[in-house]
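A.B. asks: Given next are the chains, with one letter for each unit.
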Amino acid sequence: MTERVRHASGLTSLLSIVGGLAIWEAASRFAVDNSLFLAAPSQIVMAIWKLATNGLLWKHVQISAIEFILGYVIASILGIALGLAMAESERAKRIFQPWISGLYATPTIALGPLFLLWFGIGIWSKVLVVITLVIFSVVINTEAGLRNTSERLIEMLRSFGATRQQIFWKLSLPSAAPFILAGLKLGIGRGLIGVVVAELFGSRAGLGQLISQSADSFNMPNLFAAVVVLASAGIAMTAGFTWLEKSLVPWTKD
Amino acid sequence: MAGIKLSVSGLDKNFGSLQVLEKITVDIQDGEFISIVGPSGCGKTTFLRIVAGLEESNGGTVMLDGKEVTEPGNDRGFVFQNDNLLPWRTVISNALIGPELAGEAQQAARARTLELLKLVGLGGFENYFPRQLSGGMRQRVNLARALAIDPKILLMDEPFAALDSQTREIMQTELTRIWEEGRKTVLFVTHQIDEAVFLSDHVLIFARRPGRLRESVKIDLPRPRALSIKRTPEFVAYVDHIWSQIEEDVRHSVLHEGG
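Protein sequences, first through last, are from chains Y and S. Position in the first sequence (first residue = 1) + 9 = the working numbering. Position in the second sequence (first residue = 1) + 52 = the working numbering.
Please note that the accuracy of each hint is not assured.
Stated by the list, open to error - Taking lysine-lysine and the BS3-like style, the derived pairs with C-alpha atoms no more than 30 Å apart in a straight line are:
hint, chain 1, residue 1, chain 2, residue 2
1, S, Lys204, S, Lys236
2, S, Lys236, Y, Lys179
3, S, Lys270, S, Lys236
4, Y, Lys255, Y, Lys179
5, S, Lys270, S, Lys119
6, Y, Lys68, Y, Lys255
7, Y, Lys179, S, Lys170
8, Y, Lys179, S, Lys204
9, Y, Lys194, Y, Lys179
As the list claims (entries may be wrong) - Non-contacting residues of chain S with respect to chain Y, defined by C-beta distances greater than 10 Å in every case (computed):
hint, residue
10, Asn126
11, Phe287
12, Trp295
FYI, nobody ran anything at the bench for these hints, they're computed from the structure. We put the CB at the ideal spot given by N, CA and C, even for glycine.
Build out the structure end to end from the sequences listed, making use of the hints.
C.D. replies: Structure below.
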C-alpha cells in the first residue's frame, strides 16, 4: 500500500466510526425517545465521567482487573506448561487430549453458578471461570506450535551434533513462540467475557456487577459506561499483544 | 598433506526391501574436492547423509581420519539444499550455531566467523535477518555456518539446486575461490554434470538400482579455474564422457518413472 492509500483508508475507517456514533446519538435523541432502552454516546461519556469522579468506576475496575489478571496469569502458566508436556510426552498427550478437546468445545462458562457455590461470592469463583475460558486456547496453541517444528531444521541442528535439549531450547521453543502468543492473544477476549459473565452470576463489585445493577435500575448510561470500559480494555490489551508480536516474533510478519 | 581423509568400504543401505546402495567402496584424499553425480534414485544423497551420520547404513564402514562414523558430529560440516536458516536469528548468529552447540567460547568463535562471513562475501551483512537476504546470500550463510565449526570434511547436498542459473554460476566460482583459501576436503552431491567437472578433482559416477559406484573420473584441469574453462574442449570432453556413463540410467528413469 502506498502512503496515500493507507492514509485514505484510515480516514474511511475514522469516518465510519464518527458516522456510526452520530447515527446512534440521533437515534437515541429522536427515534427511541425512552432512556430506559438506549443511551446516547454523549450520555455515556457523561456517565463515565461521573463514575470516574465519584470513585465508583475505580472500585469496579479494580476488582475486575484483579480477577482477570489472576485468572489470566494462572491460565497462561498452566496452559503453557501443559502444552509443553503434551508436545514432549506421548503419554501426557494421551491422558490430557480427550479432556482438552472435550472441554474446549464445552461452554464452560455455564459452570459459573457452580463455582459460585463452591468458592463463594468473592473473587476466586470468577478467577476460576477466567481460567477455564483462557487455558484451553493456550494449551492447544502451545502444543500445536511445538509439534509444528520443521523437520528440516531439526535435522540441521542434529547435523551439528545438537542434543534433544538443545533442539528444544534453540529451535522448538522459538518456532512455537508465534503460536503461543496467538493463543495468549485469543485468551484476552475470552478472559474478559469470563470476568463479566461470572460477575453477572453473583458478585459484590466489578464491572459485571455494575452492568447487572444498572440493568436492574434501568440506568442505561451506566450500563453502557461499563461496556465501553471493558471494550477499551480489550482493545488496548489486544493492541499491546500485536505490538509484542511485532517485537518478539518479527519473522512471522511481512 | 597427502593421506586418506575419508575411507568408505562395502557400504550397504536399504529402505525396507529396496536396496539403495550396494557395496560402495571409495577413498578420498585429504584436501580433495570430490563430486558425486548420477541419475535420480542412485542414492547419492543417501550416501552423503550416511557420511554425515544423519542416516544409518546396513553394512560396511565409514572412517573419517581413521575413526568410524556412526552419528552426526561437528567434525563434519553439512551444507543443505535448502538453506535451513533459523528465521529469528541474524546472519552471524545463524553462522555461529555450530560453535554455540559445541559450547565453544563465544568471543573466539565470533571473531573467526566474522572472517568467514567476509570470505563468503557477506561482510557487512552480519546483523541482517534471513528474510532480508536473497537465495544466493542465504546459501552463503549456509556455507559459512558449515565452515564455522572448522570441519574435517565439508558435505554439500545440491546446495545450488534451488538457485537460478546465473546465481548458480556465480556461486560455483565463489565456491572454488573459497575452497582455494582453505583446501578443505569436500564431498559435493549434484545432478549438474558441468558443475561437478568445474568444481572437482574427482567426479564419482553413481549408477542406480541399486546405487553403486560406476566410475571415478579424475579431472585434470588447471586451477584456479574461471567460468571460461567451461568452453574449452577438455572440459566438454569430460562432460561428454560422464554424460555417456549415466545417459542410459537417466533415460530409463525419465521414461519409466517420470524422473
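A.B. asks: For a quick check of understanding: which of the numbered hints are violated here, in increasing order?
C.D. replies: 6, 10
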